[in-house]
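Asks: Chains as they are written, first to last, in full-length UniProt numbering: chain A, 1 to 95; chain B, 1 to 496.
Incorrect hints may have been included.
Cross-link-like lysine-lysine pairs, in silico, DSS-like; alpha carbons within 25 Å at most [what the hints assert, rightly or not]:
1. B/493 / B/480
2. B/405 / B/480
3. B/419 / B/462
4. B/146 / A/92
5. B/299 / B/270
6. A/92 / B/205
7. B/408 / B/419
8. B/400 / B/462
9. A/92 / B/270
10. B/188 / B/95
11. B/350 / B/419
12. B/112 / B/299
13. B/230 / A/92
14. B/400 / B/350
15. B/95 / A/92
FRET-style restraints, in silico, Cβ to Cβ [claimed, not checked]:
16. B/292 / A/6: 30 to 36 Å
17. A/79 / B/150: 22 to 28 Å
18. B/291 / A/20: 48 to 54 Å
19. A/38 / B/88: 29 to 35 Å
20. B/48 / A/1: 47 to 53 Å
21. A/79 / B/297: 35 to 41 Å
22. A/85 / B/263: 27 to 33 Å
Just so you have them, the derived chain B footprint on chain A, three or more residues with Cβ under 8 Å [said to hold, decoys possible]:
23. 16 to 27
24. 55 to 63
25. 69 to 77
The hints are simulated quantities; they were obtained by calculation from the structure and are not laboratory data. Here the structure is a predicted model, which means the values were calculated and not measured. For every residue, glycine included, the Cβ atom is placed at its ideal position computed from N, Cα and C.
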Amino acid sequence: MSVDQATVRRIATLARIAVSEDEVPHLQGELNAILAFVAELDEVDVSGVEPMTSVTPMALPLRADVVTAGGIAEAVLRNAPMSEDGYFVVPKVIE
Amino acid sequence: MTATASTSSNLIHGATGDWEIVIGMEIHAQVTSKSKLFSGAATAFGAEPNSQVSLVDAAMPGMLPVINEACVAQAVRTGLGLKAQINERSVFDRKNYFYPDLPQGYQISQYKHPIVGAGEVVVDLTPSESFTVGIERLHLEQDAGKSIHDQSPTMSFVDLNRSGVALMEIVSKPDMRSADEAKAYVTKLRTILRYLGTCDGDMEKGSLRADVNVSVRRPGEPLGTRCEIKNVNSIRFIGQAVDTEARRQIGILEDGGQIDQETRLFDPGKGETRSMRSKEEAHDYRYFPDPDLLPLELKPDFITDIAASLPELPDAKKARFIADYGLSPYDASVLVAERDLADYYEAAVKVHPGNRDAKLVANWITGDIAAYANTQGLSVHETHIRPEQVADLVDLISDKTISGKIAKDIVLLLIGDEKTSLPREIVEKHGLKQVTDTGAIEAAVDAIMAANPEKVAQARAKPTMLGWFVGQVMKSTGGKANPQAVNDLLKAKLGV
Numbered sequence: 001m002s003v004d005q006a007t008v009r010r011i012a013t014l015a016r017i018a019v020s021e022d023e024v025p026h027l028q029g030e031l032n033a034i035l036a037f038v039a040e041l042d043e044v045d046v047s048g049v050e051p052m053t054s055v056t057p058m059a060l061p062l063r064a065d066v067v068t069a070g071g072i073a074e075a076v077l078r079n080a081p082m083s084e085d086g087y088f089v090v091p092k093v094i095e
Numbered sequence: 001m002t003a004t005a006s007t008s009s010n011l012i013h014g015a016t017g018d019w020e021i022v023i024g025m026e027i028h029a030q031v032t033s034k035s036k037l038f039s040g041a042a043t044a045f046g047a048e049p050n051s052q053v054s055l056v057d058a059a060m061p062g063m064l065p066v067i068n069e070a071c072v073a074q075a076v077r078t079g080l081g082l083k084a085q086i087n088e089r090s091v092f093d094r095k096n097y098f099y100p101d102l103p104q105g106y107q108i109s110q111y112k113h114p115i116v117g118a119g120e121v122v123v124d125l126t127p128s129e130s131f132t133v134g135i136e137r138l139h140l141e142q143d144a145g146k147s148i149h150d151q152s153p154t155m156s157f158v159d160l161n162r163s164g165v166a167l168m169e170i171v172s173k174p175d176m177r178s179a180d181e182a183k184a185y186v187t188k189l190r191t192i193l194r195y196l197g198t199c200d201g202d203m204e205k206g207s208l209r210a211d212v213n214v215s216v217r218r219p220g221e222p223l224g225t226r227c228e229i230k231n232v233n234s235i236r237f238i239g240q241a242v243d244t245e246a247r248r249q250i251g252i253l254e255d256g257g258q259i260d261q262e263t264r265l266f267d268p269g270k271g272e273t274r275s276m277r278s279k280e281e282a283h284d285y286r287y288f289p290d291p292d293l294l295p296l297e298l299k300p301d302f303i304t305d306i307a308a309s310l311p312e313l314p315d316a317k318k319a320r321f322i323a324d325y326g327l328s329p330y331d332a333s334v335l336v337a338e339r340d341l342a343d344y345y346e347a348a349v350k351v352h353p354g355n356r357d358a359k360l361v362a363n364w365i366t367g368d369i370a371a372y373a374n375t376q377g378l379s380v381h382e383t384h385i386r387p388e389q390v391a392d393l394v395d396l397i398s399d400k401t402i403s404g405k406i407a408k409d410i411v412l413l414l415i416g417d418e419k420t421s422l423p424r425e426i427v428e429k430h431g432l433k434q435v436t437d438t439g440a441i442e443a444a445v446d447a448i449m450a451a452n453p454e455k456v457a458q459a460r461a462k463p464t465m466l467g468w469f470v471g472q473v474m475k476s477t478g479g480k481a482n483p484q485a486v487n488d489l490l491k492a493k494l495g496v
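Can you build the whole structure from these sequences, using the hints too?
Replies: If you want it as structure tokens, here you go:
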């Protein structure tokens with residue numbers, strides 16, 4: 001599996017990372033090198049093998065339905081570049 | 001009851017021939033729970049902005065989701081209520097997209113392995129006519145936050161209180177064929193969710209939202225290309241959106257055009273649907289299993305315990321009301337539409353059990369009492385009128401202590417000055433007991449006849465005049481005479 005330059009641009013758009021045109025060939029090379037490295041795993045036949053989700057047998061921990069958090073609007077908003085009246089304020093987005 | 005697949009009676013006659021509408025729906029139902037799906041923040045509606053946001057919901061680095069067991073139970077309960085397959089193993093995936101009300105940059109959802117598989121909903125079109133809509137799956141996922149766009153011309157305001165609240169996405173098969181069928185499906189699904197207590201179904205508050213998939217085809221042909229109308233938030237709008245979109249698609253196809261598969265928005269003000277996203281921006285969600293969450297494995301006991309605690313559902317209750325209480329399918333469907341109303345009805349039937357006329361109880365509740373509740377903007381069970389009062393009223397009518405006419409007056413008193421009294425006490429206090437004493441009624445009949453000799457002559461020639469006499473006698477006895485006795489006496493005396 002390898003990526004072409006259009007795919008590099010598309011991945012950058014999806015990740016909201018600004019990539020200039022002259023960076024594309026370099027990134028294409030890096031991505032393809034990573035994919036080639038990982039592709040070595042394709043040599044292993046895993047047909048019929050369940051994906052392993054945990055090294056030790058563990059069950060998903062469940063919590064009780066109790067309100068234990070919240071009431072920290074100020075802390076939640078602290079890193080926001082802009083906020084007003086308790087809201088995050090962002091450049092207008094309307095689809 | 002006839003349960004059939006939807007029929008061809010819904011065809012739309014286009015300029016070039018008949019068309020069939022095909023509808024499937026994705027319903028997002030907010031799970032009734034105190035705290036969110038993966039965090040301990042509250043879910044209550046209408047709180048101050050960002051006051052119900054934990055560091056998990058705000059997607060602060062290093063925060064880890066821990067699943068709410070009650071939300072899992074609610075999804076299983078809903079699945080059982082939809083007669084669906086419950087999957088003992090399900091997996092949470094990340095659905096990636098970029099939007100300011102989604103701080104994680106992905107929604108935790110379920111993709112290939114949902115918690116609930118195939119089920120079905122029997123949908124009532126009329127009290128005696130129904131059809132079945134297949135359920136494809138139900139999965140658990142996080143809700144997003146809320147963006148407000150009207151506070152500033154250049155900025156959007158974001159509130160994350162709803163971010164992370166548990167949703168059940170309920171996906172139907174494309175089994176509906178008209179706007180009415182689509183509306184009836186959502187209505188029935190909402191009733192079932194309310195019976196189960198898994199979602200309050202409040203569409204105004206956004207607890208239930210529908211994405212409606214619409215396509216059209218020539219009858220008998222394969223499915224056409226569909227468009228998805230996002231986030232329709234009332235049952236009426238669902239109907240309008242289906243009709244509007246079907247007309248748009250038929251217009252394009254009859255002009256020789258093609259339908260583009262796309263996401264559209266319904267604008268109720270303009271009565272149109274319009275495209276939401278251009279093709280270049282088509283979403284690429286890049287689903288993958290969430291590495292923060294192990295697969296969800298349910299123990300068989302967990303499922304059987306929930307199954308054992310399921311309430312009686314509307315279809316079963318309706319059948320029982322018809323069988324046990326002799327109700328018409330119509331009355332039974334009206335009563336079971338809301339669980340509280342059905343409970344109110346049964347309480348009225350069962351208080352001081354005897355040979356109460358259960359049909360009459362239904363008539364009074366769905367008649368005068370429902371009409372009063374309506375004027376107050378309340379449900380019957382929310383009014384001050386208690387089931388005991390209804391039961392007592394019906395008993396008084398059945399044992400002929402009062403007539404139906406007096407019973408209506410008593411309801412007015414229950415609404416007005418006698419809010420807490422039993423009808424029996426009102427009859428006593430206001431002297432409303434029906435006159436069944438033939439002598440007294442006869443005297444009243446004789447007096448009216450003697451006072452109106454010309455009407456007597458007319459009535460003998462034209463028996464429909466009888467009604468006028470009945471009215472006069474009822475009036476002169478203050479409505480307390482037994483109408484049947486009055487009728488019989490008049491007939492005998494006038495010889496009609």
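Asks: Hint by hint, note whether the structure agrees.
Replies: Now for the hints, and whether the structure bears them out:
Restraint check for residue 493 of chain B and residue 480 of chain B: the C-alpha separation of about 20 Å stays at or below 25 Å, so the hint holds. Distance hint between residue 405 of chain B and residue 480 of chain B is fulfilled; the C-alpha atoms sit about 9 Å from each other, no more than 25 Å. Under the criterion of a C-alpha separation no larger than 25 Å, the hint pairing residue 419 of chain B with residue 462 of chain B is inconsistent with the structure, at around 45 Å. Under the criterion of a C-alpha separation no larger than 25 Å, the hint pairing residue 146 of chain B with residue 92 of chain A is consistent with the structure, at around 13 Å.
Between residue 299 of chain B and residue 270 of chain B the CA atoms are separated by roughly 51 Å; this puts the pair beyond 25 Å, and the hint is violated. Between residue 92 of chain A and residue 205 of chain B the alpha-carbon distance is near 24 Å, which keeps this suggested pair within the 25 Å criterion. Between residue 408 of chain B and residue 419 of chain B the alpha-carbon distance is near 14 Å, which keeps this suggested pair within the 25 Å criterion. The straight-line distance between the Cα atoms of residue 400 of chain B and residue 462 of chain B is roughly 30 Å, outside the 25 Å bound, and the hint therefore fails.
The hinted pair formed by residue 92 of chain A and residue 270 of chain B meets the criterion: a straight-line CA distance of about 23 Å does not exceed 25 Å. For the suggested pair residue 188 of chain B and residue 95 of chain B, the alpha carbons sit about 30 Å apart, so the restraint of at most 25 Å is broken. Straight-line distance between C-alpha atoms of residue 350 of chain B and residue 419 of chain B comes to about 21 Å, which keeps the hinted pair within the 25 Å bound. Proximity of residue 112 of chain B to residue 299 of chain B is assessed by CA-CA distance (about 20 Å); at most 25 Å being required, the pair is judged to hold.
Between residue 230 of chain B and residue 92 of chain A the alpha-carbon distance is near 20 Å, which keeps this suggested pair within the 25 Å criterion. Distance restraint check for residue 400 of chain B and residue 350 of chain B: the Cα-Cα separation of roughly 20 Å lies within the 25 Å cut-off, and the hinted pair is therefore satisfied. Taking the CA atoms of residue 95 of chain B and residue 92 of chain A, the gap is about 23 Å. The hint holds against a cut of 25 Å. A C-beta distance of roughly 32 Å is found between residue 292 of chain B and residue 6 of chain A, which places it inside the suggested range of 30 to 36 Å.
The supplied range of 22 to 28 Å is met by residue 79 of chain A and residue 150 of chain B, whose beta-carbon atoms lie about 26 Å from each other. Between residue 291 of chain B and residue 20 of chain A the beta carbons are some 31 Å apart, a value that contradicts the proposed interval 48 to 54 Å. The given range of 29 to 35 Å is respected by residue 38 of chain A and residue 88 of chain B, whose C-beta atoms sit roughly 32 Å from each other. For the pair residue 48 of chain B and residue 1 of chain A, the beta carbons lie near 49 Å from each other, so the given range of 47 to 53 Å is met.
Against the hinted window of 35 to 41 Å, the Cβ-Cβ separation of residue 79 of chain A and residue 297 of chain B comes to about 37 Å, which satisfies the hint. For the hinted restraint 27 to 33 Å between residue 85 of chain A and residue 263 of chain B, the CB-CB distance of approximately 31 Å keeps it satisfied. Requiring three or more residues with a Cβ within less than 8 Å of a Cβ of chain B, the coverage given for the region 16 to 27 of chain A is violated, as only 1 such residues are present. Coverage of the region 55 to 63 of chain A by chain B holds [criterion: at least 3 residues with CB-CB distance below 8 Å; count 6].
Chain B is given as covering the region 69 to 77 of chain A, and this holds because 8 residues of the stretch bring a CB closer than 8 Å to a CB of that chain, at least three being needed.
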